[in-house]
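Undergrad: Take the given structure of chain A and dock chain B to it, following the hints.
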Amino acid sequence: MASKDIHDILLVEDDPGDAGLVRIALRRSRHVCRLHHVKDGGEAMDFLRRAAAHGQAPRPDLILLDLNLPGRNGHEILEEIRGDTTLSSIPVVILSTSGADRDVKKAYALGASSYVSKPMDVEAFTAAIHSIEDFWFGTAQLPP
Amino acid sequence: MGLAVLRAPEVTAGTIPRPRERIAARLGLLFAALAAILVGIMALAVWSLWPDEADRSLGWLLAGLVPLLVGLSFLGGLAIGQRVDRRLAALDGSPPPPAAERWSDPLGLAAALDDLGRRFEQSQRAAEQRSRALVANAERVAQLGTSERDLQSGIGVWSDEFHAILGLVPGSCVSSQEVFLESVHPGDRAEMAEILRSTNAETGCREVDFRIVRPDGEVRMLHGRAEVSCDAAGRPARLKATIQDITERKRLENELDGLIRELWRSNEELEQFAYVASHDLRQPLRVVGSYVSLLEEELMGSLGGESLEYMGFVRDGVRRMDRLITDLLAYSRVGRVIGDAPFTAAEAVRSALADLQIEIEDSDATVNVAEALPTLYGDRGEMERLFLNLIGNALKYRRPDQAPHVSVECEDAGDQWLFRVRDNGIGIPPEHAERVFGIFQRLHARDEYEGTGVGLAIVKKIIDRHGGTIRVEPHDGPGAVLAFSWPKGPHQPEAGG
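Chains A and B, in that order, give the protein sequences.
Under numbering that gives the first Met the number 0, the first residue of the first sequence is numbered 0, with each subsequent residue one higher.
Under numbering that gives the first Met the number 0, the first residue of the second sequence is numbered 0, with each subsequent residue one higher.
Just to be clear, a hint being listed does not mean it is correct.
To be verified - Example chain B residues on the side facing chain A (calculated, C-beta under 8 angstroms, incomplete):
(1) T202
(2) R285
(3) S292
(4) T374
(5) Y376
In short, the hints are calculated from the structure, not lab data.
Cβ atoms here follow ideal geometry from the backbone N, Cα and C, with glycine treated the same way.
Looking at chain A on its own, in the form it has when it is part of the complex (with noise of 0.2 angstroms):
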């Protein structure tokens, strides 16, 4: 097990639906994890730089990203977060409804950790989230 008990998620998601259902799987799970939840990139950005209304926000151990968000997409706030020395070292997981080839090309490229198709049925949702948490909180060492 890692050193933390608890676990911070940034969820970088602007669909409410897609965002209760990574809710509801991670309160399914095992491991004991806060979500914090924030609509787009600028958000995200003000999170992680502890800016604006986020100036007591912790250091997420895990970002998941989607790649379809309004204003900035996915891919750019990843560009974003790894081009910054501070931030470059946090595990960013992207998290999209799109398979398209290029997507996943480009955010390997871009440093993504690793990339996730969301799944259609509910029960594919919250194993696939299971299976992230399981990895990042149980098999791998995150950074110090």
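TA: Same frame as chain A, but now just chain B:
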């Protein structure tokens, strides 16, 4: 300069000057000939009437008389002929032959020879005119103007068509490079001047497209080609140039470019549509499906039979919609990313069968694949999908009371391979043999056989793209036979196809 003659007035039969007839020569010779014949007849008569040896002296008399008679006749004819000549000359107004000629050239042979020479020259010139006219005509039809310039003397000639292309009238201007540059569009003039400068200095060939402005203000697009040849010392000697009006060709090219751009744009749009379909359409679908499932879970105990059935319809609708979108996407992606290369058909069939493992086991099916399958050229991934769909269909549309039996066969049909996927299933009625390849085309109710009606449409699109054909092959007995051909060589897709 040969081309200059092209502008000489046309020579026609009516304008050719009549050669002056020399009567003197003809009459003199005619009279001499008549006298000789007369003497000959007389000699023959004397010879046959007086064969007596004693009168042989008459022969001698004749021998003396003949030259005298012939000579006198000749002179007489000559005198008459010369008089007629003078009379004729006076009649048509030309100067009479000089008096001196009467003694130096009494027969008028020099004049007759002159005449002959003139006629020969005229006929030669006429032939030359004809060939030049042909060249000029060819230039006009080809809309190709030619020019030639002697680089040492700077003297140049332009053909009629060269003038016509520039909108100039032959003879109205000097065929100089300056006049030519004036015709060139101001925007292209500096470049053209530079090209002319360089062609004057170096040998070789240059081609350029440029605009001209005709005297009436019309702008035309020309293609120019200039070739410089050297003299024996290797210095640039002659500049041969052609110009061709390509305004119409350029216009068509631009139109074509526009169409290609439009095609690209609509392709981009299609790609964007496919992307939107894969992302934006499926997202709300997933939300609907997932929350219906969650609702079902939460209300598990309190839902009645009908409500559960409704929930089932919602989930089923969502699942079907999702498959439709996925299949439509797969259909639109055929041929979008082309990775054509040689591959073995056996491998494609094998990976299709691996994907169908569960269906094969569940239906207790037998699949026979011909042992020797050829190496094909095309997109291997698409070929896998093709076999996946064909064999998948053979398993899906099986008879309820019979385990499916599928065979994959291949035969050599000259310049192509002919594949057959044969099954013992429910078959395809002949009246639907064409229809099954249409997109979203289904033959069975959804609760009988599940499907979106895209599978065979994808198969057909893949085969079309590779230059083959597919059809439902008529046969005796149960089941269906789908036969498709696959070209042996790399297939070149038609332009715009």
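Undergrad: Which earlier hints can't be squared with this structure?
TA: Hints 1, 4, 5 not satisfied by this model.
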